[in-house]
Amino acid sequence: MKDEEIDRVASTASIRLTEEEKKLFKKDMENILEWFSRLDEIDTQDTEPAFHPIDVKNEMREDKVEESLDRDEAMKNTKNKEDGFFKGPRIR
Amino acid sequence: MTNDVRIGLETHLQLMTKSKLFCGCPNRGVEEPNTRTCPTCLGMPGARPQVNKRAIEMGIKIAKALGCKIPKEMNFSRKTYFYPDMPKNFQTTQFSLPIGTNGQIKMELGGEEKTVRIKRVHLEEDPGKLKHVGGGITSADYVLVDYNRSGTPLCEVVTEPDLSSPNEARIFLRKLSDIFEYLKVYDSTGEGTIRSDANVSTWSERTEVKNITGFKDIEKALIYEIRRQKNLKKRGKEVIRETRTYDDSTGTTKSLRTKEKEADYGYIFDPDLTRIELHTDWIEKLAKDIPELPHEKKRRYVEEYGVSREVAVTISSDFELAKTFEKLIDDLDVERASSMLAGPVKKVLNYNDMRFKESKLTTEKIKKLLDMIDEGQVTERNAEMILRVVATENKDPERVKEDKGFGKVTENKTKEIVERVLEENKDAAEDYIKGKDEALNHLVGQVMKGSGGSADPREARKLLKDMIKD
Amino acid sequence: MKYSGMTARSFVEEDVDHSDFYTRLYERMDEIKTLGLHRKLELKQIKQGELNGLPFTLKDSICSKDDPTYAGSKILEGYRPPYDATVAMKIKEAGGNIFAKTHQDEFAFGTGSLNCAFTTPKNPWDEERCCGGSSGGAAGLAASLDLPHINLGESTGGSISEPASFCGVVGLTPTYGLVSRHGLISFANSLDKIGPIARNVEDVALGLDIISGKDRKDQTTVGTSEKYTEALGEDVSGTRIGLPEGYFEISDEEVSETVLKATEELEDLGAEITKVKMDMTEASLPTYYILAPAEASTNLARYCGMRYGMEDKIEGSFKDYFSKIRGKGFGEEVKRRIMIGTYTRMAGYRDKYYVKALKVRQKIIDDFKRVFKKVDILAAPTAPIVAPKIEELRKMKPVEQYKLDKLTAPVNLAGMPQISIPCGFHKKMPVGLHLMADHFHEKSILKLAHAYENRRGKIDYPGI
Ligand SMILES: [Mg+2]
Ligand SMILES: [Zn+2]
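Chains as they are written, first to last, in my numbering: chain V, 44 to 135; chain E, 0 to 469; chain P, 491 to 954.
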């Protein structure tokens, strides 16, 4: 695994890693990915992917309006707010 | 100029369910920020999505109406990317098993029919709405987020790159919106209910322009982007593959990111939702609800009623207008009804930038107006003046006629004016007697002017002839 | 009233007002505080009702309205959910009281509860050893608190069974979908299951009675609520028990022997024991470590310093701000799994890892289904070892640590019910007997575990 690849994964996951972490995870991931490739030997040609372990399907909700949260409740877990809006960082 | 332009659109239309796609918050209502939210649409830890059955049924109808292939089974996926308007930093959307693929839309282009291929139709949730504080999208200090819109059901329609001009793109969007309105799944009248991303290529490399809201901006944004690409080429520069954003305040597109910085969405099946089997009997039951669609109506109007193609397109593209047409011809001549609707009525609607249902017009009002013309109470011209009023005000045509004095001038009154005109234009009368027919036209004009347009020109002409002879 | 050693079930059935009991409970909690198992909650008002005021704890990843709920992570420190998880709601409605949150590995990523951002829970049998993970606090509390109560844990790949085994208590992992996950802070949504942990089988059955059932807020729930307590005490003779090949061989010899001895006792109770061959055991662990992080990395995307949890002054671009908060707020193991989970679902690798693992998962499920045509229950050691020393575990490499899940990952991937029940000791530490059954056969394993428990007799829990 190349250094750039670790950078790309970290960037995709939006996580800032220290240089030590990058080195550590690179080694760990190489190990782990090799371990994962054991699955290559298993023949899955005629197997469908299992989305859930049990057969659940067609679960839907009727189109009914339910009560929303009180705004103060919805926003009580952050200090970053302004005039009833959540405040967030700019795009660029 | 535009023969090498290829445009593909990815258009999002908000569906008119009562509640949101994955929670019970109202889909529309109070616009105080963050008052229509709950743990699910705020992406709070542990909250689950519960998919709305009506949204799926709307999706099936849309896919069916667009002639799409509907799979045996669909599901939802997580499209992971980070953005401040996305509560979970993933959007629940459809990936490998969308609700429809391979459809088409037929649209009228300069008297010809053009087919635009639909690659796929899928359902997904809308993110929240951003307010950029202290600048535009690329220059703000920070953002304020309202998650009221978060979770609004969207239907995304993806076309093949079959459109070849900004104008075509606008006509296509209108057409798409017409079909959605016919299906009663969409209301085009709200702000930001239709939003497109456009793939534009004028040569080889294409750019994606995001964030184009509504029908007018699509044309503006595309004109700008095509011109930008052509200018680059003229100067010998290359168009690079990138994602741009449309800034409606300046009417320009700006670079957001280049291809290398493109997000890797890392799609996985959303394990909080179950797969949904789309049984044939379910689809058939929903298909029964699909009304006759605009292009079908158009064809029928031409074939059954002998209406001109152009008029048929105009009437059929507005669902309520078409409904009025079909009601009027129960006891009216087709020609009479269609020329009224495609003519003055459409003109008034265009003038006000309205759909029929947004106006105060009703079949009854139009019927009454036509009766008033037939009974000789008003002239065609004044009928149009009355239309303008009743299109925007909740008033009866008869009342407007009285209040504004739009009634047709009586014969006696016209006679008086004719006499006065003849008195004042003796030369013209002489000319007419000498055989100059244009002189009579001049006199009619004077009579019309004198009556403020209320006189019937045919009657004025007859009176003038009679009185000159005397 | 003598509460020490009283079961939850008797507490509920005693026709007595138990409100004074909470003073005792809190005193006792203060005494065992040193083990770092739980975070105490303030009870504004003690409920009674059907459950007679029975005390409950929730794993830190289960939301209860206005109570601190951090899922063991710094990134959620200070978070108080504005709503109740369905299980919390059910407890409250039945007249139970949630008095503590139990410590766990951060976002349930771990096998020893060493990845907790706030504390390291210590095993009440030997404080140098770990409690297991990730529901370590819950199992540790069940073992150390000798007063009637039920703990709710959560298992993704074995996080109820393994700590129950390490702490010598009973842990039940129900069939996927039997208990609502609404309000459970997700690890991996297609694998997560909430289940009860207590000192005895009756109490976990009672816990399941209360929390199970279809919930419209979690569309992956199925079935109806049953009375699991009613299944207890029935005859177990004729039960066909399979000993899966491979499970005993890789375990410590003493652990294997202890478990085998327990199966002999089951035979004495009339069960029929056979050996069975499983084909997909080896493939299970890599499959689990692909699927769980893939799902987890999407669940964890929401923690970005907005709306709730760790935050900072808003400045810079969102990309910088989010990356900074996430880099600071998540612990090492969480970052590692986000990296793995992001990688295996990226374009280009998605088919090789994520989609492949989904297919192998189906084969694992089929493997269990096939075996459960021949036997009613599978019996094996819960974990290949007894609770390791905290220092030993810390020194292990990630993949070595992951291998502690080897015996629990297969059945968890299959979403099938399992119970771990103490069946003896090795190195003075408890050993767990693992009983597994086909989907929705909770009653069979509860019945068998109960019969075994009666035969085994009481355990002397360590006095703290
Ligand atoms: Mg989209
Ligand atoms: Zn909501």
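Any given hint could be a false lead.
[What the hints assert, rightly or not] Straight line, CA to CA, 27 Å or less: simulated DSSO-like cross-link-like pairs of lysine-lysine:
#: 1; chain 1: P; residue 1: 580; chain 2: V; residue 2: 65
#: 2; chain 1: V; residue 1: 107; chain 2: E; residue 2: 356
#: 3; chain 1: V; residue 1: 45; chain 2: P; residue 2: 564
#: 4; chain 1: E; residue 1: 71; chain 2: P; residue 2: 849
#: 5; chain 1: V; residue 1: 100; chain 2: P; residue 2: 564
#: 6; chain 1: V; residue 1: 69; chain 2: P; residue 2: 580
#: 7; chain 1: P; residue 1: 809; chain 2: V; residue 2: 69
#: 8; chain 1: E; residue 1: 366; chain 2: E; residue 2: 394
#: 9; chain 1: P; residue 1: 809; chain 2: E; residue 2: 78
#: 10; chain 1: V; residue 1: 45; chain 2: P; residue 2: 580
#: 11; chain 1: E; residue 1: 113; chain 2: E; residue 2: 78
[Stated by the list, open to error] Short derived list, chain P residues pointing at chain V, Cβ under 8 Å:
#: 12; residue: 667
#: 13; residue: 680
#: 14; residue: 712
#: 15; residue: 776
#: 16; residue: 805
#: 17; residue: 832
#: 18; residue: 840
#: 19; residue: 845
#: 20; residue: 886
#: 21; residue: 915
#: 22; residue: 918
#: 23; residue: 951
#: 24; residue: 954
[Said to hold, decoys possible] The calculated label-pair distances, taken between Cβ atoms and stated as ranges, are:
#: 25; chain 1: E; residue 1: 357; chain 2: P; residue 2: 807; range: 35 to 43 Å
#: 26; chain 1: E; residue 1: 137; chain 2: P; residue 2: 715; range: 37 to 45 Å
#: 27; chain 1: P; residue 1: 856; chain 2: E; residue 2: 137; range: 35 to 43 Å
#: 28; chain 1: P; residue 1: 807; chain 2: E; residue 2: 303; range: 57 to 65 Å
#: 29; chain 1: E; residue 1: 261; chain 2: V; residue 2: 126; range: 46 to 54 Å
#: 30; chain 1: P; residue 1: 856; chain 2: E; residue 2: 52; range: 50 to 58 Å
#: 31; chain 1: E; residue 1: 234; chain 2: V; residue 2: 90; range: 36 to 44 Å
#: 32; chain 1: P; residue 1: 842; chain 2: E; residue 2: 101; range: 48 to 56 Å
#: 33; chain 1: E; residue 1: 137; chain 2: V; residue 2: 119; range: 27 to 35 Å
Keep in mind the hints are simulated off the structure, nothing from the lab.
Beta carbons are placed, not taken as given, at the ideal position from N, Cα and C, and that holds for glycine.
Results of checking the hints against the structure:
no.: 1; hint: P:580 <-> V:65; in the structure: violated, 44 Å
no.: 2; hint: V:107 <-> E:356; in the structure: holds, 26 Å
no.: 3; hint: V:45 <-> P:564; in the structure: violated, 30 Å
no.: 4; hint: E:71 <-> P:849; in the structure: holds, 20 Å
no.: 5; hint: V:100 <-> P:564; in the structure: violated, 36 Å
no.: 6; hint: V:69 <-> P:580; in the structure: violated, 45 Å
no.: 7; hint: P:809 <-> V:69; in the structure: holds, 22 Å
no.: 8; hint: E:366 <-> E:394; in the structure: holds, 14 Å
no.: 9; hint: P:809 <-> E:78; in the structure: holds, 17 Å
no.: 10; hint: V:45 <-> P:580; in the structure: violated, 50 Å
no.: 11; hint: E:113 <-> E:78; in the structure: violated, 33 Å
no.: 12; hint: 667; in the structure: holds, 5 Å
no.: 13; hint: 680; in the structure: holds, 5 Å
no.: 14; hint: 712; in the structure: holds, 6 Å
no.: 15; hint: 776; in the structure: holds, 5 Å
no.: 16; hint: 805; in the structure: holds, 7 Å
no.: 17; hint: 832; in the structure: holds, 4 Å
no.: 18; hint: 840; in the structure: violated, 12 Å
no.: 19; hint: 845; in the structure: holds, 6 Å
no.: 20; hint: 886; in the structure: violated, 12 Å
no.: 21; hint: 915; in the structure: violated, 33 Å
no.: 22; hint: 918; in the structure: violated, 33 Å
no.: 23; hint: 951; in the structure: violated, 34 Å
no.: 24; hint: 954; in the structure: violated, 35 Å
no.: 25; hint: E:357 <-> P:807: 35 to 43 Å; in the structure: holds, 41 Å
no.: 26; hint: E:137 <-> P:715: 37 to 45 Å; in the structure: violated, 54 Å
no.: 27; hint: P:856 <-> E:137: 35 to 43 Å; in the structure: violated, 53 Å
no.: 28; hint: P:807 <-> E:303: 57 to 65 Å; in the structure: holds, 60 Å
no.: 29; hint: E:261 <-> V:126: 46 to 54 Å; in the structure: violated, 34 Å
no.: 30; hint: P:856 <-> E:52: 50 to 58 Å; in the structure: violated, 31 Å
no.: 31; hint: E:234 <-> V:90: 36 to 44 Å; in the structure: violated, 55 Å
no.: 32; hint: P:842 <-> E:101: 48 to 56 Å; in the structure: violated, 28 Å
no.: 33; hint: E:137 <-> V:119: 27 to 35 Å; in the structure: holds, 32 Å
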